[in-house]
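S.K.: Protein chains in written order, with numbering that gives the first Met the number 0: chain P, 0 to 306; chain Y, 0 to 223.
Since the hints were derived computationally from the structure, they do not count as laboratory data.
Note that beta-carbon positions come from the ideal geometry of N, C-alpha and C, so glycine has one too.
Just to be clear, a hint being listed does not mean it is correct.
Listed below are the simulated SDA-like cross-link pairs for lysine to any residue, each with C-alpha atoms no more than 20 angstroms apart in a straight line [unchecked claim]: (1) P:Lys120 / Y:Asp200; (2) P:Lys120 / P:Arg83; (3) Y:Lys208 / P:Gln118; (4) Y:Lys151 / Y:Asn162; (5) P:Lys120 / Y:Ala131; (6) P:Lys120 / Y:Cys135; (7) Y:Lys79 / Y:Phe97; (8) Y:Lys205 / P:Gly237; (9) Y:Lys208 / P:Ser119; (10) P:Lys142 / P:Asn84; (11) P:Lys135 / P:Lys177; (12) Y:Lys205 / P:Phe113; (13) Y:Lys208 / P:Lys212; (14) Y:Lys151 / P:Ala87; (15) P:Lys154 / P:Leu144; (16) P:Lys120 / Y:Asn155; (17) Y:Lys205 / P:Val235; (18) P:Lys120 / Y:Lys79; (19) P:Lys154 / P:Ala62; (20) P:Lys120 / Y:Ser196; (21) P:Lys212 / P:Ala160; (22) P:Lys223 / P:Ala257; (23) P:Lys120 / Y:Gly133; (24) P:Lys275 / P:Phe15.
Reference excerpt, derived from the structure (chain P facing chain Y, CB under 8 angstroms, subset only) [said to hold, decoys possible]: (25) Arg83; (26) Gln112; (27) Ser119.
Sample of chain P residues facing chain Y (criterion: CB under 8 angstroms; computed from the structure) [to be verified]: (28) Gln111; (29) Gln118; (30) Lys120; (31) Gly121.
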Amino acid sequence: MKSGSKLERILNAGHFAFTGEVGPPRGANVEALKEKVAHLKGVVDMANITDNQTAMVRMSSWAASLICMEGGVEPNFQMVCRDRNRLAMQSDILGAYAHGIHNMLCLSGDHQQFGDHPQSKGVFDLDSMQLIGMVKKMRDEGKFLGGADIDVPPKIFIGAAANPFAEPFEWRVHRLAKKVTAGADFIQTQCVFNMERIREWIRQANDMGLTDKVFILPGITPMKSVGMAKYMKNKVPGMDVPDEIIKRLQGVDKKKVADEGIKIACEQIQEFKEMKGVAGVHLMAIEWEHKVPEIAERAGVLPRPEV
Amino acid sequence: MIVAERKPFDEIKNMVSGYKRVLTVGCGTCVAVCLAGGSKEVETLNAELNLAFGKDKIKFGAETLERQCDMEFLAELDSKIDEYDALLSMACGAGIQFLAERFPNKPVFPAVNTSFIGVNLDVGWYEEKCRACGNCVLAMTGGICPVTMCAKSLFNGPCGGTNQGKCEISNDQPCAWYQIHERLAAQGRLDQIIAISPPNDWSNQKPRKVIQPGYEERVKTLGR
Chain P
0 MKSGSKLERI LNAGHFAFTG EVGPPRGANV EALKEKVAHL KGVVDMANIT
50 DNQTAMVRMS SWAASLICME GGVEPNFQMV CRDRNRLAMQ SDILGAYAHG
100 IHNMLCLSGD HQQFGDHPQS KGVFDLDSMQ LIGMVKKMRD EGKFLGGADI
150 DVPPKIFIGA AANPFAEPFE WRVHRLAKKV TAGADFIQTQ CVFNMERIRE
200 WIRQANDMGL TDKVFILPGI TPMKSVGMAK YMKNKVPGMD VPDEIIKRLQ
250 GVDKKKVADE GIKIACEQIQ EFKEMKGVAG VHLMAIEWEH KVPEIAERAG
300 VLPRPEV
Chain Y
0 MIVAERKPFD EIKNMVSGYK RVLTVGCGTC VAVCLAGGSK EVETLNAELN
50 LAFGKDKIKF GAETLERQCD MEFLAELDSK IDEYDALLSM ACGAGIQFLA
100 ERFPNKPVFP AVNTSFIGVN LDVGWYEEKC RACGNCVLAM TGGICPVTMC
150 AKSLFNGPCG GTNQGKCEIS NDQPCAWYQI HERLAAQGRL DQIIAISPPN
200 DWSNQKPRKV IQPGYEERVK TLGR
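Same shape as in the complex, but just chain P:
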């Protein structure tokens, strides 16, 4: 065991993992955060706690992670490279670990110009690949990036993201390989809507032997409306929403669109359960946390295994 986190135990035991996501509040609204977490308790193995997502200021990921833990859900502490240099990153990692946080997702982060402080100075002292390597060095060698020894190294299960849909497609699996080499233990992907592409990407990862070295959890986002599907297709960079999805949502009664969205998500999860090289799924029900228990139930991933 590298970290002993619940997610690591579940994956090592060969169970199909089911992870969720919580966006911290844009304020100190602890109650709202606790409510989101409560919907996920007993339903997901772990919840990602986003880090100033889309470059908008929110409650810090490590602080919200602690609240998540208190609510009975294991957190996945997200860290982006945009907001901190290597000193701040390492000190936050130590602090988070000291409070019992054992999973971390290492990301570059959206550029600051997209958020609510476009004039800010992006830090990007390290990139996501270098951050993964730094956490691995801290954990496995017990050393800071600068080379000094760490007195009690943090035992972190290292997560990274992959986007199998961005161009150039052929290079995507190589970027995955780089993250594996850097030290990623598990991968959560960008929201999957194009099943054909993800099948091909997983096949390439299988062929390269990557799925023996890293746990891959494709990202699932249920569509709430036709508008959301169109927005994701046209406005969100790196998102691949095939026309079939939009047509399928348009084809049902207006009141049933959300239900159809959930149905699509459940079908995807079914397929991933049987796909070689896939270790679980990561459900990103954006501001729809209360629907997660229903989705989990319908997707047949409950009850969650006890490990």
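Take the given structure of chain P and dock chain Y to it, following the hints.
M.R.: Then chain Y, alone, in the frame of chain P:
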């Protein structure tokens, strides 16, 4: 001007090994003035490369353009480019990229490290003066750049680390804000730095473009 330094010889050697015909391209402007990449430096580098590889293994050509950051000067190479498998540019990073853009099928390697925007203090002695941050505050600071000359890029200095006019990072480094204070005091303009300077707009954090007014229509027709 832009100041550059030649890369370590072994690094250059590794980049070009494996090619048969390499054209070393100098630049006659900034990098020539700072003695890093003009025609003399092209000659010296090629001599060293010939010594290292032997004249039979790689054929090194030499051309020094007036400016590599100007397409009309790059066009001078059009007729010669087919004679070479790779280009070794001694221009600044901007020139190297423009050369690579002009000849996208040829590998283009940098022979210099572009260091900073600076000034000539004496022969062979250059000092950084500008970080091209895109939001010039020199009016407020008596003509001394706090972004470049203050090690912390402070806008409301001097910080507590200032040490009898020197910066905390080194006794060789003057404290920019001490100098700003001195200069403004001498000019009777200390009121310039009494007000709190608000958080800066770091617009240099994304790729920038300048189109001077009056040329906007022309740029549109060029479609770039």
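S.K.: Evaluate each hint against the coordinates.
M.R.: A quick look at each hint next to the structure:
{"no.": "1", "hint": "P:Lys120 / Y:Asp200", "verdict": "holds (8 angstroms)"}
{"no.": "2", "hint": "P:Lys120 / P:Arg83", "verdict": "holds (10 angstroms)"}
{"no.": "3", "hint": "Y:Lys208 / P:Gln118", "verdict": "holds (17 angstroms)"}
{"no.": "4", "hint": "Y:Lys151 / Y:Asn162", "verdict": "holds (15 angstroms)"}
{"no.": "5", "hint": "P:Lys120 / Y:Ala131", "verdict": "holds (14 angstroms)"}
{"no.": "6", "hint": "P:Lys120 / Y:Cys135", "verdict": "holds (16 angstroms)"}
{"no.": "7", "hint": "Y:Lys79 / Y:Phe97", "verdict": "holds (17 angstroms)"}
{"no.": "8", "hint": "Y:Lys205 / P:Gly237", "verdict": "holds (19 angstroms)"}
{"no.": "9", "hint": "Y:Lys208 / P:Ser119", "verdict": "holds (19 angstroms)"}
{"no.": "10", "hint": "P:Lys142 / P:Asn84", "verdict": "holds (17 angstroms)"}
{"no.": "11", "hint": "P:Lys135 / P:Lys177", "verdict": "holds (14 angstroms)"}
{"no.": "12", "hint": "Y:Lys205 / P:Phe113", "verdict": "holds (12 angstroms)"}
{"no.": "13", "hint": "Y:Lys208 / P:Lys212", "verdict": "violated (44 angstroms)"}
{"no.": "14", "hint": "Y:Lys151 / P:Ala87", "verdict": "holds (16 angstroms)"}
{"no.": "15", "hint": "P:Lys154 / P:Leu144", "verdict": "holds (15 angstroms)"}
{"no.": "16", "hint": "P:Lys120 / Y:Asn155", "verdict": "holds (17 angstroms)"}
{"no.": "17", "hint": "Y:Lys205 / P:Val235", "verdict": "holds (19 angstroms)"}
{"no.": "18", "hint": "P:Lys120 / Y:Lys79", "verdict": "violated (44 angstroms)"}
{"no.": "19", "hint": "P:Lys154 / P:Ala62", "verdict": "holds (19 angstroms)"}
{"no.": "20", "hint": "P:Lys120 / Y:Ser196", "verdict": "holds (16 angstroms)"}
{"no.": "21", "hint": "P:Lys212 / P:Ala160", "verdict": "holds (15 angstroms)"}
{"no.": "22", "hint": "P:Lys223 / P:Ala257", "verdict": "holds (4 angstroms)"}
{"no.": "23", "hint": "P:Lys120 / Y:Gly133", "verdict": "holds (12 angstroms)"}
{"no.": "24", "hint": "P:Lys275 / P:Phe15", "verdict": "holds (12 angstroms)"}
{"no.": "25", "hint": "Arg83", "verdict": "violated (15 angstroms)"}
{"no.": "26", "hint": "Gln112", "verdict": "holds (6 angstroms)"}
{"no.": "27", "hint": "Ser119", "verdict": "holds (7 angstroms)"}
{"no.": "28", "hint": "Gln111", "verdict": "holds (7 angstroms)"}
{"no.": "29", "hint": "Gln118", "verdict": "holds (4 angstroms)"}
{"no.": "30", "hint": "Lys120", "verdict": "holds (4 angstroms)"}
{"no.": "31", "hint": "Gly121", "verdict": "holds (5 angstroms)"}
This entry does not satisfy hints 13, 18, 25, going by the numbered hints stated previously.
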